[in-house]
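Sequence order for the protein chains is A and B. Using our numbering, read the first sequence as starting at 1 and increasing by one per residue. Using our numbering, read the second sequence as starting at 1 and increasing by one per residue.
No wet-lab data here; the hints were simulated from the structure. Each hint should be verified, as a subset may be incorrect.
[To be verified] Each pair of labels, with its calculated beta carbon distance range: (1) A/129 / B/38: 28 to 38 Å; (2) A/112 / B/44: 28 to 38 Å; (3) A/53 / B/52: 31 to 41 Å; (4) A/187 / B/39: 50 to 60 Å; (5) B/32 / A/40: 11 to 21 Å; (6) A/53 / B/13: 27 to 37 Å; (7) A/163 / B/72: 29 to 39 Å; (8) A/135 / B/38: 20 to 30 Å; (9) A/30 / B/11: 43 to 53 Å.
Idealized CB from N, CA, C, for every residue including glycine.
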Amino acid sequence: MAQRDLRLVHDAASEPGPILPSSVLGTLIFVLTEIMLFAGLISAFMIVRGGTVEWPPPGQPRLPVEATALNTAALLASGLLIWMAGRAYRGDRAQAGGPFAAGLALGAFFVVFQGFEWARLLAQGLTLTSSTHGSFFYLIVGTHALHAIVALGILVWAFQLHSRRELRPSTFTAARTFWYFVVGVWPVLYLRVYL
Amino acid sequence: MRGRLAALVLVAGTLAPRSSHACAVCFSGADGARVAFLLTTALLTVLPLALLGGFAWWLRRRMRELDSDAREDVPVETPQSR
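Turn these sequences into a full structure, and let the hints steer you where they fit.
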């Protein structure tokens, strides 16, 4: 009986764990599909833009290139801080709180700043129906903003779990993966849509 | 007879591409649009393959890492330990 118990314990210990936790695998598959969604949007935008003589169309406001460059830097810094939080989490979990909170704050800054820019552009006459420029701008940047808001919400939830010492490594990795996608896809959108 | 006529119309259509507007996205003959169309078609063709290929490559590398870690954890049997 004792031998059987020992063997069960041995089997449990030597059982290889999954290569990827289910939450991380699910997030990765979701991110792959979202990359294709953004690729499709960018593709449509490039073809329409390529067929025009002047872009933005006459009478439409210019996009805030410089201000958004600053905001892009904030988002990239946020991604870096969340990455640092992930590194710290693998060692001393208490050390992860600082970069995690700072990354969240910068992510929130990005979303709020985008909101202000949108309000200004709407006031200048760039709407969803004002031109193909406005349609594509709000469709592409709006889709990204939606992802950023959802990812930020997941990170806030993960931060709350971390504060209560209930955050599992796989949950944190999945949340970070989604945020890395939001951060990583933005420079591509900025270069294509704003410049 | 009807089949031959259909084949004839099909051949005539392929011989007169300038009169055919079958592609729903070919709304502009501008060079910029054509280049963008070609580039993005290539991108959308290659991207899913690259993503899945990259993911498979990463999984394979991760499996090898885990295997080598597992091998290092197995105690080496020496004559003294027997």
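Hint-by-hint comparison with the structure:
1. One distance hint, 28 to 38 Å for the beta-carbon pair residue 129 of chain A and residue 38 of chain B, holds here, with the actual separation near 30 Å.
2. The hint said 28 to 38 Å for the Cβ distance between residue 112 of chain A and residue 44 of chain B, and at roughly 33 Å that hint holds.
3. The hinted window of 31 to 41 Å between residue 53 of chain A and residue 52 of chain B holds, with their beta carbons roughly 39 Å apart.
4. Take residue 187 of chain A and residue 39 of chain B: their Cβ atoms lie about 18 Å apart, and the range 50 to 60 Å is violated.
5. Distance hint check: the CB atoms of residue 32 of chain B and residue 40 of chain A are about 19 Å apart, consistent with the given range 11 to 21 Å.
6. A beta carbon spacing of about 31 Å between residue 53 of chain A and residue 13 of chain B agrees with the range 27 to 37 Å that was offered as a hint.
7. Evaluation of the 29 to 39 Å hint for residue 163 of chain A and residue 72 of chain B yields a pass: the beta carbon distance comes to about 36 Å.
8. For residue 135 of chain A and residue 38 of chain B, the hinted distance range of 20 to 30 Å is satisfied, since their beta carbons lie about 23 Å from each other.
9. The beta-carbon spacing between residue 30 of chain A and residue 11 of chain B, approximately 47 Å, falls within the hinted interval of 43 to 53 Å.
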